[in-house]
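Enquirer: Listed below are the residues making up each chain.
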Amino acid sequence: MQPLTAEGLAAAIRSGERNAVDTVEAAFARIEKVDGSVGAFLELWRDEATERAAGIDSRRDEGLPLGPLAGVPTALKDNMSLAGHELNCGSRILAGYRAPYTAGAVERLVAADAVPVGRVNMDEFAMGSSCENSALATTRNPWNLTMAPGGSSGGSAAAVAASEVPLALGSDTGGSIRQPAAFCGVVGVKPTYGRVSRYGLVAFASSLDQIGPLARNVRDAALALGAIAGPDPRDSTCSEEPVSDFLEPIEDGIEGLKVGTIREVRTSSLEGDAARGFEQALEALARCGAELVEVSVPLVETAVATYYVLANSEASANLARFDGSRYGHRAAGARSLGEMYTDSRSEGFGPEVKRRIILGTFALSSGYYDAYYGRAARIAGALRQQFADAFEQAELLVTPTSPGGAFRLGERVDDPLAMYLSDVFTTPTSLAGIPGISVPCGLDSRGLPLGLQILARPFADGTALRAARAFERETGFECRPEPVQ
Amino acid sequence: MSLGVEEVRRIAELARLRISGREEATFAGQLSDIVDYIDQLREFDDGAASFEETEAASDVADNDLPRPAAAAGPADLDETPLLDQFLDNAPASLDRFLLVPQVKATPGGDE
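These protein sequence lines map, in sequence, to chains A and B.
Numbering-wise, the first sequence is residues 1448 to 1932 according to this note's numbering.
Numbering-wise, the second sequence is residues 37 to 147 according to this note's numbering.
Chain A with its partners taken away, still in its complex shape (with noise of 0.2 Å):
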């Protein structure tokens, strides 16, 4: 039997055919028989989700409205602030820290009623394409236990496709939410930059930092999405412009929608035989009744190295806040404070994360920043320009979501620069800050999920949606994976 999905399960909350304590229970005794094998969830917040779910049913019972995620167990990547609970990024140097506030995202999605029951990995800092950077936890892609779930959001999405939990929050940097989604089978999205607050959000590369749910259908996750997005004064770059309603007009499919593909995004250099998959994607959603275009955007080929400069540089900037003064991990007999700081940061981060400070320190020091920060932002400037013109000859646009599937645990982590072209699809969005959906397209020979990517303008997040649930109903894609079954 098919998991009840989010809507489902909040509408049968609302309604009183279920009881939001039951279902926690559900979730956690899910989590229990699984998540030994997946290795998804850091921590499980039992007593405090088992103690709101009865606040939920106590208002039900009292004949108070309910919110539009009654009672949905979710999980929180563990780079997001709940108040009160130990929040690590997958890092040893934030070992024992405390959140003194909940993020904006996570407060929204508390008040659309869903019970947050736990944070689940992710690679260290969000810096990492398989979950192997976390310094905590191996998670593993539930459709083939040797598999990576993908990263950074990988717990996010492995939480999910194992129904452990109906939903997930991941954020997106170059790709987070959406490759591991494509990975694991599962819905993810990354919305346009701006569309959901960053604030209490632990920051990676902040232009590009964005918040966005994972799900098992395209229809929850529309669902989470109008939950959580909407403006935020506490993050100056989160955008007042209205969020619209987007399951309302979600079923009205793509009849007469142009859809674009990208001339330069090369299904030769796809592996195995994902470029059969995106072949049948595209028939897909020509069935639909899409019109298909192929429009040009030359600058997404230099995406992948734009991408490693920009988001480098802002991370190293970022990351000097853990020194070991204020928060986590302090090394132990620093005679003087610079060698605290080094000392600290030293033992606290792992190798990608040191790698990637080097690499963005380099970026931002001088004699180099022209040369490489510089030319690295005149570049994004000219691709978000060629995205908005392509957006001129089509509504969406389309790519892989990954080269492949997913990939061997162990098999890239001893080469940086392979792991980062697993990016090469997902960065260029980023880049652009406009919207990308990753929504499942069948499976690989070997038996592993392949996502379609779904790119609209900035601030059509809805259209996405829409045409990704067209192309969900016409597959009829479902996540059932074998070795959690």
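To spell it out: a stretch of chain B is covered by chain A in this simulated footprint if at least three of its residues, at any positions, have a beta carbon under 8 Å from a beta carbon of chain A; those stretches are:
no., stretch
1, 46 to 58
2, 61 to 72
3, 76 to 82
4, 119 to 125
5, 128 to 140
Once the Cα atoms are required to be at most 16 Å apart in a straight line, the calculated EDC-like pairs of lysine to aspartate or glutamate come out as:
no., chain 1, residue 1, chain 2, residue 2
6, A, Lys-1705, A, Glu-1730
7, A, Lys-1801, A, Asp-1862
8, A, Lys-1705, A, Asp-1836
9, A, Lys-1705, A, Glu-1738
10, A, Lys-1801, A, Asp-1861
11, A, Lys-1801, B, Glu-43
12, A, Lys-1705, A, Glu-1842
13, A, Lys-1801, B, Glu-60
14, A, Lys-1801, B, Glu-49
15, A, Lys-1801, B, Glu-59
16, A, Lys-1705, A, Glu-1839
17, B, Lys-140, A, Glu-1786
18, A, Lys-1705, A, Glu-1741
19, A, Lys-1480, A, Glu-1929
In case anyone wonders, no lab produced these hints; they're calculated from the structure.
The C-beta atom is built at its ideal place from N, Cα and C for all residues, glycine as well.
Mind docking chain B on chain A? Use the hints.
Expert: Positioned in the frame of chain A, the structure of chain B alone reads:
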């Protein structure tokens, strides 16, 4: 361009990181590969485009009204004032201050 061990050590120092001897060589190789890859951007940069803001990234100014620093939520910590919550996270504090090693090294230290 390729990054040598010396260069990596110098940048790491700027970033307040210490890289172990064994790691240095690995890092230099990996970072050189990455910087080589990034150098492809040269051929795409005509120097003309500017740092324009995205349409999406409009800056929203706060209305600047006084309010408690932590919004009350269902999971909020008791009644503890916010300062105490921050200090609870500090590796060391004294009264209402963070405690850190002295800025200058003790005599005989190497800094």
